[in-house]
Amino acid sequence: MTDENLMLDIRGGSRPAFETFFGRYRELIWRFFRRRTADPARAEELAQDTFVAVLEGAKRYDQRGTARAFLFGVAYNVLNAERRRAAFRRTEPLDVDPASRDASPDDAIWVRDALLTLDEADREILMLREYEQLSYQEIADVRGTPLNTVRSQLFRARATLKTALESTTPQAVRTNHARR
Amino acid sequence: MRAVERHHSPTPEDIMEYLDGEGAAPAREAIAAHLATCADCQAIAASQREISAHAHAWTVDRAPVSLTAPEPRKTLWALPLGWLRQPRMAALTFSAVGVTAILVLMTAVSVKRTGSAGKTPVDVLATESAISPAARREVGKGAGGGLPETAAPQVFALKGAQQPAPESVATPRTPAIIRTATLRLIAKDFGGKRENVEALVTAANGFIDKLTVTGDASTQRQLMARLRIPGDRLADTLSRLRGLGAVVEDTQGSDDVTDQIVDLDARITNARATEKRLAEILQNRTGRLSDVLEVERELSRVRLDIERLDGEKTGLARRVSYATIDLNITEERKTAESPLTLGTRIRLAALDGIENVLDTVLGLVLFALRAGPSLVFWGVLLTLAWLAGRRILRLKPEATR
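So the protein lines, in turn, are chains V and Y.
So the first sequence is residues 14 to 193, counted in the numbering used here.
So the second sequence is residues 658 to 1058, counted in the numbering used here.
Calculated Cβ distances over 10 Å to all of chain V for the following chain Y residues:
no.	residue
1	Ala696
2	Gly888
3	Gln909
4	Asp912
5	Ala936
6	Leu946
7	Lys970
8	Leu1008
9	Ala1045
Ranges between beta-carbon positions, derived for each pair:
no.	chain 1	residue 1	chain 2	residue 2	range
10	Y	Asp718	V	Gln146	13 to 21 Å
11	Y	Glu686	V	Thr176	30 to 38 Å
12	Y	Ser1031	V	Asn18	53 to 61 Å
To be clear about the criterion: a stretch of chain V counts as covered by chain Y if any three or more of its residues have a C-beta under 8 Å from a C-beta of chain Y, and this derived list gives those stretches:
no.	segment
13	21-35
14	65-78
These aren't lab readings, by the way, just hints derived from the structure by calculation.
Just so it is clear, CB atoms sit at the ideal spot from N, CA and C, and this is done for glycine as well.
Starting from the given sequences, assemble the full structure and let the hints guide the process.
Below, the structure is given as structure tokens:
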């Protein structure tokens, strides 16, 4: 069953449809918040809030966009609300869990620091493409920007990321972090 | 970027789009065919792939097992209207309820103040229909009491008799109303109006208090009269008088003098009682000469008081019995229209225009003074409500896209 049909069933109040939808996007939404939130516990809460909002707001899904765009639109709203609250607490928006699964912590920090050199809009578009694997149109729907803008911003973001990555190496990053 | 890349087709963006799986199928096929033969584009593609590969070096842990599918939130109370669950509508609704509550509260306070400050004439009459005991004591003093403390013991004994007996006050059974009317007329044909008025008054069994006619046939004539008409014939007489010309003013009024008459009756009764007692004292003549003379002087004063009060009461009774009509009939004069010169008409028009501008400005100023404070107050209130609603929206996670 497609994601769109699942959303229609969820809108009709189907619990099994929601659980199926949840199973498909559980990891993706968790990683979405984990890469954007310093505290893993908070990332879990935000992921939970996102699915609650999807469950309660399914009636507003109007099939104009994909179900994934709807889901990540909700996730972005939850994230923006969290960032507004975090602005009062002055917490870091990005951090990395030292216990990363596969790559070395140095590589993760290296990429993260390079991403931080991007503009916020460029960084978000790049992350949605690379990590959440959204299509250009889905990114445009989530961000509320035109499709051509997404395309040019993504190209610019990748070029900037490449420059930032080339200017530092994982070894240099490890040395810098050791000095802190 | 090298100049050749700018004008090269496909552009690096096109290649990026192709690698991301985007773009229309014909364009993708063309790019794929081009990539097979163009070294520059292959380098660009390789660079793009490398960027993605580096980005994917940042991985995160898997979701915790505690992240499970949530249950729908249970609300403590079920709203009859589902749209209230939306934060925007909830904020607007609560703001509107707050504004309405303030309006109702202000109206209630205003009504309460109006109700406690003023009483209807019926209420006033109902609560003040009887003379209070304190007022009766004052009446007794004014009418025949208040004798000097230096008076003889016989005179002092008189003070005990000065309190009026409540049963002796003549209370009118019906309210005593003095009715008045003012009537101004413009008559086209002034001739015979005086005779008409006199005939109407006679037919109503009334009388003319005074009547004056000024002017002659060459000037504007005017008739001014004060007519006294029995109260029960007032309405009929006014109706007939209105037929004598075009009505330009027609007012009627009434004055309830019931309390005044009751008060006068009480004072007259007290005075008569005092007079009677003084007369009895004089008849006995058992005191010293100076005391007798004092009693005589007091008796004269009391009799004068009685006459004055009687006259006052008679006048009131007459005014109650006969309504008063102030009549003014003015002859209509048609003035010959004198032609105005062009300069005069322009000047008059300019003056009118300036006067209109001044009236308009004055009207705007008055409006601003009357409505300005209210507009400012409500503007501030609604702005605060709107800001509160926006804050609520920002603080709640929205389930919208």
